[in-house]
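If you read the protein sequences in the order shown, they are chains A and B.
Residue numbering for the first sequence follows this note's numbering, starting at 223 and increasing by one per position.
Residue numbering for the second sequence follows this note's numbering, starting at 5 and increasing by one per position.
A couple of the hints might just be wrong.
Below, a sample of chain B positions facing chain A; criterion: calculated Cβ distance under 8 Å [stated by the list, open to error]:
#1 Arg46
#2 Leu181
#3 Ala333
Simulated from the structure, these hints should not be mistaken for laboratory data.
Every residue gets a Cβ at the ideal spot worked out from N, C-alpha and C, and that includes glycine.
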Amino acid sequence: MTVPEELRYTAEHEWVAINGSVASVGVTDYAQNALGDVVYVSVPAPGTAVTAGEPCGEVESTKSVSDIFSPVDGEVIEANPEIEEDPGLVNSDPYGAGWLLRIRLADDGPGPDSLLTAEQYAALVKEAE
Amino acid sequence: MTTPDAAAEPHGTPLRPTPLLRVHERLGATMTGFAGWLMPLRYRSETAENLAVRRAAGLFDLSHMGEIAVTGPGAGATLDYAVTGQPSAMPPGRARYTMICADNGGVLDDLIIYRLAGEEFLVVANAANTEVVREAIVQRADGYDARVADRTADYALIAIQGPAAVRILGPLTDIPLGGVKYYTGHRARVSGCDVLLARTGYTGEDGFELFTRPEDAEDVWDALSEAGSGDGLTAAGLAARDTLRLEAGMPLYGNELGPETTPFDAGLGRVVRFDKPGGFVGRAALEARAAEGPRRVLVGLTGATRRVPRHGYAVLWNGQARGTVTSGAPSPTLGVPIAMAYVDPEVARLARPDTSGTTGTGTTGTTGHALAVDIRGSAEPARMVDLPFYRRAD
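All chains, please: the whole structure from these sequences, using the hints.
Structure below.
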């Protein structure tokens, strides 16, 4: 189960990479393994406002459908254009080519410190196993 | 996001392992709880496992299935009364697919019954229903000279399914597989172990189900694995089992069959033998239902997008809910989402594929987007197709 050091995480198994005012979001290696083969991803259209902790899309795998929870407050800028054609990227490269959406951070939202560090997230999934 | 539970344990009761647990652990299987058993859900990818069964062969642990022995001079008569079919008419060595119903004609379980000898039958039930089935047969045996016993703990069950199954199993067994007809069961030896070898399965491929002693299960599994390694034999879990049977148009109890359905609803009226002498439980209700005609029809659907119609989703006809999805999954073999659903007979008639000309593509003729499935709030177009979705070539 890989948990890259430089990223932040949520308890709901999303990862977040923050670059200035833009957050890139995806699901973790733990999540893609639990889901099984991903067949479909849906995220809100660019311009949609999202709220930390609220659902902002869904990941459908062979067996089930799971909500994606927004890790931050902000506005959707873009969805990964590769995912529609190749949803399996979420399984094969969850932290890279399998990214799901990019969000412009709200000025007054909770900062990245409210997210889990790699160490905290790794401890969380270790308990869950 | 929320992730599916790996191995849910109801009320803290530990899940029951099968005799093949060590094999699954060695293969790195993702395990899951199913009907109180600890079972392999998948080993690597359920999509890859499905494709392996269609192209080569798959190896399944089905030891969670229930085995109920019904023996004695009255065994045949007991079963004729207890189930919709006529097990007493089978010669030894044959197997039949049948159902056991309640008084009101509702299905308690679907079964395969093997006649092992004149006074010896083996009833194979779904894991979740084994106790209900045993209890029902015990009650229905009243007045007959027969004994009913749950023998599940005395068996492991290994299935090998796929076009390469004969080629892989043949050298390991002492009986020529060419002589083993579909839906027969024979006492045989596989890799030196006594088994009941049956040419049955739940995938739509050729294949065999091997009932072994629990202590022999690992040896038989390992022998098959080694024999099949050159042919692409792949361990396959419950997830692949479900997409394979769905592609083959086979019902799953709990989805297409249940206490609220009759065999007729599922298009399986052939398992009801009104012509057998004597009564059987549910006869009157089933006769009435047969006379009245279908209240709903089980149909096949394919999705036009990647979104999957799932159990419980509404089937829409011109925007109105006229049915319900019973099972749905992305089909690895067909490459599109597939589903089975119960719909109003009128919709089954109006939405059926245009049979003039195009084959295999399930065109809707003049119906356009009239047929849809409500997928989590969005009406997604669907096509009605004849079942099964997949039929093997030979």
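Hint check:
1. A hinted interface residue such as Arg46(B) counts as satisfied when its beta carbon comes closer than 8 Å to some beta carbon of chain A; here the least separation is about 7 Å, so the hint holds.
2. Interface restraint check for Leu181(B): the shortest CB-CB distance to chain A comes to about 33 Å, outside 8 Å, so the restraint is violated.
3. Of the supplied interface hints, the one on Ala333(B) holds, with its beta-carbon coming within about 6 Å of a beta-carbon of chain A, less than 8 Å.
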